[in-house]
Amino acid sequence: MRTVTYIQAVTEAMTEEMERDESVFIMGEDVAWNMMGDCTGMVEKFGTERVRNTPISEAGFVGAGAGAAMVGMRPIVHMLIAPFMYVAFDQIVSIISKSTYTYGGQARLPITLRAPMMYGVSNAAQHSDRPYATLMTIPGLKLIAPASPHDAKGMLKAAIRDDNPVITFEDRSLWGQSGEVPDDDLIVPLGQAAVRREGTDVTVVTVAGAITLGLAAAEQLASEGVSVEVIDLRSIVPMDTDTILESVAKTGRLLIADPAHEMGSVASEISAVVAQHGFWSLQAPIARVTTPHCHVPFNADLEKQLLPTADKIVSEARALME
Amino acid sequence: MITIDDGVLREMYRRMSRIRRFEDTTKELLLAGELYGAFHTSTGQEASIVGSCMALRIDDSMVGTHRSHGHPIGKGAQLDRLMAELMGKETGVNQGKGGSMHLSDFSVGSLGETSIVGSGLPVSTGAALAYKMRGEDKVSLCFFGDGASSQGTFHESLNIASIWQLPVVYVCENNGYGELTSAKDAVSVEDISVRAIGYDMPGVTVDGQDVLAVFEAVSEAVDLARDGGGPSLVETKTYRFENHAVGRLPEHYRSAEEVEYWRTQRDPLVLFRQVLIERGFDEQQIDDLDAAVSEEIVAALEFARQSPSPPPEAAFTHLFADPAPSAG
Ligand SMILES: Cc1ncc(C[n+]2csc(CCOP(=O)(O)OP(=O)(O)O)c2C)c(N)n1
Ligand SMILES: [Mg+2]
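Chains as they are written, first to last, in numbering that gives the first Met the number 0: chain A, 0 to 321; chain B, 0 to 327.
Worth flagging that the hints you see were computed from the coordinates, not collected in a lab. Ideal Cβ positions, reconstructed from N, Cα and C, are used throughout, including at glycine. None of the hints are false.
25 Å max Cα-Cα, derived SDA-like pairs, lysine to any residue:
1) Lys-137(B) <-> Asp-20(A)
2) Lys-137(B) <-> Glu-21(A)
3) Lys-311(A) <-> Ala-192(A)
4) Lys-311(A) <-> Ala-221(A)
5) Lys-137(B) <-> Pro-54(A)
Just a few of them, taken from the derived set where beta-carbon distance is under 8 Å, the chain A residues facing chain B:
6) Glu-48
7) Ala-63
8) Met-69
9) Val-70
10) Gly-71
11) Ser-93
12) Tyr-102
13) Ala-106
14) Arg-107
Covered stretches of chain B (chain A as the covering partner; in silico rule of three or more C-beta atoms under 8 Å from a C-beta of chain A):
15) 119-130
16) 158-168
17) 312-320
Input sequences plus hints: build the corresponding full structure.
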């Protein structure tokens, strides 16, 4: 075991996969310059062919990734930040999500889109989105949001090896966090939630960076005698609803902490699943701690009040216990 | 002019005839209600399709559009599985999941026919990137229309192909209209090929009704790409004989005289027949080719009609390349 940061884990995952498989390469804006610090050492190792700077043409290079994947490459396409995917949305929806299906299985699209998310850092509305719920409505895409260095590495490696398109939402609030990562080849299968803390009174499911808040809230609640089970969703599509339903069967209470806008969110989807399939286990209404259906303002205080916090989780969980 | 042997000429004519007869048949079946869906036929554009595709090797790839019944045929696909696809059958190239706007046969390098206008340009560019990165001598060809030339993906793709010197040939099939709007009202230039200048690549406009002219221009572009010389833009001036979508839309946007002119004076099959005669073929030989194609169509129809429809659970397969989750 070694201790590495989330961002180092991402770099390791890409580097190892590129060493292992010639067909893996990364392209995106300024990747060869390591602008974001997540491609450290890569251009030195692999050169500018495989660590490839693109022009500012999201539709062009995301679609080129799709075409390269269709003929056998395994591109990692760096979106810089998640909302820049909107510019490439047609390629993601019409080509990447649909080609395997539309062509009756003739096409395979082993492409990984890396979509880092920055929010809570005064980047204003256009740069602060957490758009996984928007993409969740589109069949044919796998969506992940690893929330630890261990998973950042293991799930990214699994994504790169997957024969299907995977979009990985990296919460930049986690990039600097450290954690243990095994020395040997680490693959974390997609589609499995992780119970990060066991408990008996309330199930708290967290999405992406909300794991930090969920664990902090659980610690606080424990001191008040409330036992919280914290589940890190990790994989949005496919969604591990079994793990959530099992936990709710035990605790009888569910709270979902999701940094995205509330309407039509991952939190909403989990609520619907539990309301439909876990209704008789519930001892209290389902609670969602999300961002209101409102854009993200520039002003730091205005922004902060909108986003989920550990305190909000604590007070909502207390209410469930009443 | 490049020399082309008789076998190649015969194959060119055969593929053009296959497209024409396939399209005539599908139109008939659509109007009779046996086929359904949005139907954009390639009738009138056979020379542009076949001249381009025959400049490729079978292992080169090609990306098509919504108007792509002809493109896989031009690339060498068999007719039976295409016809079955149009009927939504299990034996169809796409197992009944794609239909008219996505007919594509990967086994002959048709890498998908995509019906969002302009969306194929980045895909073909990416295939070319893969070939170049792997050091393969394959070429990627992308068909798109005059209408698609107004999409941002056109600019992005040609720019990317140029800076990376990718082995891709962009073939703009300028049939004068995007849906009902004339290219004169929608495109800033008379000849779309002049836009190649902006991407520092060769651009040429050819008579899209002359299969040999298309073949020659595209062959030159393909050779350049294969030899590491980068991308090209070829514009074929052509015309669609049918309305934008068969049986669906008004046709008040173009005159009957104009359609009549192209049908009677500029029919690529008639024009090519004359060329073949001049080159020593006799009428009978050409009629025999047509007759053989007609038989193929009958057999394809028979195959498609006899084929089963996919079972309901087929709606859930191929969502992912892995074994898919089942219904329910
Ligand atoms: C993005 C998008 N916008 C609009 C349409 C509707 N549409 C279908 S075909 C077409 C015209 C395309 O014109 P062109 O590229 O010249 O191809 P042609 O039909 O002439 O072969 C349009 C606008 C579409 N399919 N996709
Ligand atoms: Mg057109």
